[in-house]
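Fit chain B to the given chain A structure using the hints.
Chains as they are written, first to last, in my numbering: chain A, 1 to 184; chain B, 1 to 293.
Hints are computed from structural coordinates only; laboratory data are not their basis.
Where a beta carbon is used, it is the ideal one built from N, C-alpha and C, also for glycine.
Just to be clear, a hint being listed does not mean it is correct.
Which residues of chain A face chain B? A partial, calculated answer using Cβ under 10 Å [to be verified]:
1) Ile-14
2) Thr-15
3) Ser-18
4) Ile-26
5) Asp-58
6) Val-85
7) Asp-89
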Amino acid sequence: MVIEIKKLATSVAITRKSTDLFTRYIGKLLFQKIQEKLKHLAQHEVIIIDFDGIRSVDASFVDECIEPLLELSQANIFPFYIKLVNITDNVEYIIDQVIRMTHDQKRYIVMTDRLCKNGCHALGSVSEMEKDIIEYCVINKQATGVDIASFLHVSETEAQNCLMRLYEMRAVRKIDNDNVFHAI
Amino acid sequence: MAIIQLPDQCKDPFSFESVIALYQHIINQKAKGLDLSHVTFIDPYSLLCLLLIGRNYLRLTGNKLTLHRIPSQILQYMARMDFFAHTIFDCEETLDKHKQLRRSMASSRLLEVIEIPGKEKESVKVIAKVIATFRKRALVILKHWLTLTMVDYLVTVISEICQNIFEHSLDSGFIAIQSYMYLNERIFRIAIVDSGIGIPGTFEYMPEIKTLSNAKLLQTVLTTPLSSKRRYGYGLCQVNAIMEQLKGSIFLRSENAYISVLHHRRSARGSYIFLKDDCPSFPGTQFSITLIG
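Okay, chain A solo, but in the shape it has when bound (with noise of 0.2 Å):
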């Protein structure tokens, strides 16, 4: 599934013109017309926010309206995915910034179409160990935990155990009840 969310700000009349979101109020009412189109989710869909037209946004928008999506990924009973794509310098900075910020022992981690000023195609709180899983499955399209131990020079189960740790924050698919993780 594809979210313009452009287009979704453009049935706001606030943000009917504007390249920009911003403030909690924006943030919560886009959150609840995406919710709308989740409704129709299938089972491991990928759901691609597409940022084209939108230049920059702001730390009240993320808090209300990606950070919530990103909780629900982890939490929905059947797992979805979130890839953000199109986005600018300054979305990614303000994203990676506000997801970076744990509380309640939570993590966000959300994958990106692009190679962000991290090194890695995701943003928030990864480790140099996540982030080079991550790009192994960007560039292999999928892993076990046998590659991946093989690749980092790590036993299988701290391999398996991170490849775990990744799906459960979504950065990574598992589609079957196998040990292949898919990139997202």
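Chain B only, in chain A's frame:
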């Protein structure tokens, strides 16, 4: 009922402290008016703080202050910035139509004084208008600094600070933006002010924060992610991080303290930070965001 002479100290946030020092005197003496004859230059921050002085006076006494003997270039500038459109002051002088500064695109190195309402829905609309106008004029306002990315970051700064007005101050506020030359330096300044409960008032119910001096509290809100309302709001921290990237400076004043963070002047230990407590008391929160080029 005296007319109080304003000193020629309206050039930047630091010099304007001398005018704020007169604030209690103006209120207590129920001054009849302010004499601006000594003022040779007024920057957007000083202009907005002057507006707050007038508004507080109006609220406390029910009367408007009158501005006397305004030098013609200052009067022209105030009129151009829509200072008098907010009907907070009476003005002795009038400006002939032919002396008014033109409002062509070429002279749009500024964003006129705009009131940010204290209620969320109205405020969001006004912030949207402010940002749209800023984006339109950014090419001229930021002529000497311009990159599209910089405009994006400044839009984030504007929206973060303006939101604090309706989220925290319990009052309305004002914004003005301008780029100008002063003492051979190109200055870009965003001023955003309110006369609400101030940052110490916002954090009053947080005992661990309340023990800090007001200046330390201002430093904490700029450097540590915390919010009085939500556990994960941290707009001012973000503003500081962005200004560090842009190598700008932040002047933040609230109640009787201020902090000045100079990201364009760094030592080995990081950006220069100046804290000052025991300043003259002035209600609310006042911001000046500056780029010097």
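Against the structure, the hints:
| no. | hint | verdict |
| --- | --- | --- |
| 1 | Ile-14 | 5 Å, holds |
| 2 | Thr-15 | 7 Å, holds |
| 3 | Ser-18 | 6 Å, holds |
| 4 | Ile-26 | 7 Å, holds |
| 5 | Asp-58 | 5 Å, holds |
| 6 | Val-85 | 17 Å, violated |
| 7 | Asp-89 | 5 Å, holds |
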